[in-house]
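Position chains C and V relative to chain P; hints supplied.
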Amino acid sequence: MGRADPRGVGGGFPGSGVRWAIAAGGLLLAALAPAALTDYPVHVLTVAWYYVILASSWNLIAGYAGLFSLAHHVFAGIGGYASALMVIRTGVPVPVGIACGGVLAGAAGYVIGALTLRMRALYLALATWAFAESTRVFVSMEYGITRGDLGLPVPRLFHTSSPRGYYEVFLLLAAATVAGLALLLRSRIGYRLRAIRDDEGAARAAGVNTVRWKRFVFAASSGIAGIGGAAYGHYIGLLSPVGMRFDEMALIIIMVILGGQRTLAGPVIGALLVETVSEALRAYGQIRMVLFALVVLGVMRLYPPGLAGLAREAARARRRGGSPSA
Amino acid sequence: MDTTLIAQYVLAGLVIGVIYCVMAVGITFIYSVMKMINWAMGEFYMIGGYLQYLLITLWLGPSRWYLALPLAVLGAGLLGMLIQRVLLRPMFVGQVERLDEYATIVTISLTVLFRNLAIVLFGPYQFSPRDYAPAVMLGPLPLNGSRLVALLGAIVLLGVFAVGTRWTWFGRALRAAAQNRLGALSAGINLPWVDTLAFGIGVGLAGAAGALLAPVFLVFPESGALSTVKGFEIIVIGGLGSLPGSIVGGLLLGLVESLGSVFFSPSFRDVYGFGLLLLILALRPAGLWGEQTREA
Amino acid sequence: MKRRVAVNIAVGTLVAGLAGGGTVGWPASVSVTLGVLTPLSPPGDASAGQLIVRGAELGVQYINTVMGGVFGGKAGCAAPAAQVRLAVEDSSGVPEKAIAGFRRLVSEDQAVGVWGAFHSSAMLAAAPLADEFQVPYISTAASAADITKKHFAAVFRTHPIDPDRAAAWLGFVQAQGWHKVAMLAENTDYGIGLVEATRSLIAAGKANVTLDAVVFDRTSSDLTPQLLKFKSEKPDLVLNVGVGTPAYLIVKQAHDIGLFPETPMLGSYDFPVRPEYWKNLGPAGNSLAFISYYHPRMALSPLGRWAAVEYAKRYKDVAIYANLNSFGDAVILAEAMNQACSSDPKRIIAALERGHFDTWIGGGVTFPRAEGVYWHQWSPPMIILQYTQVDQTYDQAPILYPAGMKTGTYTAPR
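Sequence order for the protein chains is P, C and V. With positions in the first sequence counted from 1, the corresponding number in our numbering is that position plus 48. With positions in the second sequence counted from 1, the corresponding number in our numbering is that position plus 723. With positions in the third sequence counted from 1, the corresponding number in our numbering is that position plus 114.
The following block holds chain P by itself, in its conformation from the complex:
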């Protein structure tokens, strides 16, 4: 039984005003959190915000536009390597490098979008996956340029390895991503994307330029991932092809599914939760991944709307005065 929400974007919460208030409150709390934490949890949360960027942008293309791309992690990697190499080779300031990384990743996404225009869902998945694996092998083999598995040292954004400054940067980027997505999805572009997802033929018949918007959404989501990946490189100070492995894509999928696809809050909740729990359960090694996989299977099988859906249900139930909605 699907629990599709006909109101589409993050509907179910009581009124958009309250929703923005919750979001703003959450943002403030998040911005102030490092004051109460030591460097180690701040680092973990910084990485969690990075994954929020990736999960949200993947949710845009896969959840809202229905294009199940399996190359998202690689676009982040392309952004990372492009920015790093540009800053190293030409000496531009790091923020410029990050912007260029995003542009390059977006361009690559645009190309992939154009190539996969006419592909059915499964073939799209296969093509993006083939592209992802090819890129990984290429980056790994061309170690003359990328240093491959040895690791490419990347100039840092701030001249310190303390995570606090970076935390605010990633929080800002994540907030910008989610806010940008909220505005995009509420706009006519958002309606067009959802129309394409639900029935491409009907959308085309209704006058939606599916070609343009599919390429657009590829470019947009890849560009965002590229910016995230570039910032990541300039934070960790080292890039390696390990982030282009398929495990990374599986992780993004897990985050979005657990949090709840096709909601704005879903990827945020999912990314934060998976990353922090993953870190907390670090001592349990592989069992941790087994557990995640089992939970995702459980969610898919039993409760597809994920945690965001759960929250929505709770809000709805409370509004209805506590009566259960079996």
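Honestly, I wouldn't trust all of these hints.
[As the list claims (entries may be wrong)] These stretches of chain V come out as covered by chain P in the derived footprint (C-beta under 8 Å, 3 or more residues):
{"#": "1", "region": "154-164"}
{"#": "2", "region": "226-239"}
{"#": "3", "region": "340-351"}
{"#": "4", "region": "378-390"}
[What the hints assert, rightly or not] Examples of chain V residues toward chain P, derived with CB under 8 Å:
{"#": "5", "residue": "Ile213"}
{"#": "6", "residue": "Arg218"}
{"#": "7", "residue": "Ser221"}
{"#": "8", "residue": "Asp303"}
{"#": "9", "residue": "Ile306"}
{"#": "10", "residue": "Asp331"}
{"#": "11", "residue": "Ser456"}
{"#": "12", "residue": "Asp458"}
{"#": "13", "residue": "Arg461"}
Because the hints were derived from the structure by calculation, they are not lab data. Idealized CB from N, CA, C, for every residue including glycine.
Same frame as chain P, now just chains C and V:
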């Protein structure tokens, strides 16, 4: 360049190609009956390999590997049927909204589950049963005994599969379900059970490939990754849903990889397959033998 | 209704796990903590990490039982004896996780010394933190030159560097009178580093050798095309630069196509010492030459002998280099603490630079501030062995190199 060497390249490519055909046939078979792609096929390959290794070392001994083989395949098939029943059946009884997405997410999660479970249960080590047969010489070309066995085993499996789907009642039911699910249902075929059995057969083929190739490529938790890659490349090249396409696609892939390694760089061996895949997707998206379907 | 209950249980479990996991608080005690940061899950090499953890546990056992803990009169240090505790963190071979793990070890677990790196990228990502926190960080198995070349103040290494390993096999090649070498290297930091090191030694004129180096993707299973290419070139030696599964695959597949053992092959590390070597390869594994770090004919220190015996007792397995080196790192840190008479990490770093330490192999360890890549570097010796009979154990294998230790010559198969 010396012809014997080229011949050896071609032979190596074809031998591997035929074996990966088995994977491809499994994937395409599941797709044609259930209309979904199982991304975890490689993990069933890995499970088949582990089962084969365990049966040989714990019970049957290396000389009776041919007894372990059908048991390993059966084990993989039964596991597949269980998974289908628990996780995938809801797709077909109207409980799931978006089938493609659901199937992809569930099977990708299975990939994560099985790979990590293998490490938890058996450790991150590699194992190998003894070679199934001594090496032979095909003319001037040496061929490893296990590869020969795997080649013959693959041919036998494909043959049995072809015969089974064409001439047995069950095979006909499967083909009916592949062609028209509603029609099959109205003809009285128990579709849910057909689905379960089809899935079991499909992953059983993957398990068979894994069991056959255990002494060639070793048994370890990540051994499924590569066979998934090859399997998918083959079905895209040959066409989703087409059995002859899978076979030709497999041979083609094996050849392209081997010859690409010779004439270009051997480092990018696995990328040639992707190149071929992207080319086919660009020029003939349905694959060489694929049906040109219209999106409904 | 049932669904909601199921989901509530699932979410509750997750939250409980998070809360419980987060408060894995060790009771405050007078023990000193040492930390191991190593890959224990994919995408890192978990088998290597497990070997390193075993060695570390053994090291801590040695410190606490045989040495009686740290301080307590050792090296003239009159401070009261303290037991040592081991904290283990998983880096997964991912730079970001290595950073998180290092931070956790230092700030949460209060580790005063860290070792256990296997992947160079993970080590390089965490190295600046070692300098920042001024906690000694020893590279147990990470081979990239930059680790010591960058002269990090707090980073040390007890693993052969790539130039040393390349020098060993080039020396062997020269001693055998060979000139044409083919190398099949995996695309990891280990493989790439060795390709570069070998190439630079040849370019610097240190060896009269032609090299054909091919890099392969570690996820590949079929290396036959690359090996066939080598076969057509008729090299004098094939260098097998794979770790774990690829190392076995190269031997097996080279055997299948008739390349090995007709053409000699050298394994770049001591994987043949493991008992599963013969199980995995059978007779195909005969005639392989390989680099090893010790042999019963070499002077194993009393420490090393203890470690080998205890390891066999505790894990029912043969101790190999990865275990022993990790064991050694633990003991070296304890010795440094004794010599510094302090568990202050800064003093331990100073002691590491000044002191002379016992480890699992005779000859002692020092970490001088030397030039270039030899900064804070100690390399265990490397010898080349060869299996001359099926099911041979490494203590029976003849030593082929270096000349000072030779007990046999390269035996070509009949």
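Structure-based check of all given hints:
{"no.": "1", "hint": "154-164", "in the structure": "holds (count 5)"}
{"no.": "2", "hint": "226-239", "in the structure": "holds (count 5)"}
{"no.": "3", "hint": "340-351", "in the structure": "violated (count 0)"}
{"no.": "4", "hint": "378-390", "in the structure": "violated (count 0)"}
{"no.": "5", "hint": "Ile213", "in the structure": "6 Å, holds"}
{"no.": "6", "hint": "Arg218", "in the structure": "5 Å, holds"}
{"no.": "7", "hint": "Ser221", "in the structure": "5 Å, holds"}
{"no.": "8", "hint": "Asp303", "in the structure": "5 Å, holds"}
{"no.": "9", "hint": "Ile306", "in the structure": "5 Å, holds"}
{"no.": "10", "hint": "Asp331", "in the structure": "5 Å, holds"}
{"no.": "11", "hint": "Ser456", "in the structure": "24 Å, violated"}
{"no.": "12", "hint": "Asp458", "in the structure": "20 Å, violated"}
{"no.": "13", "hint": "Arg461", "in the structure": "23 Å, violated"}
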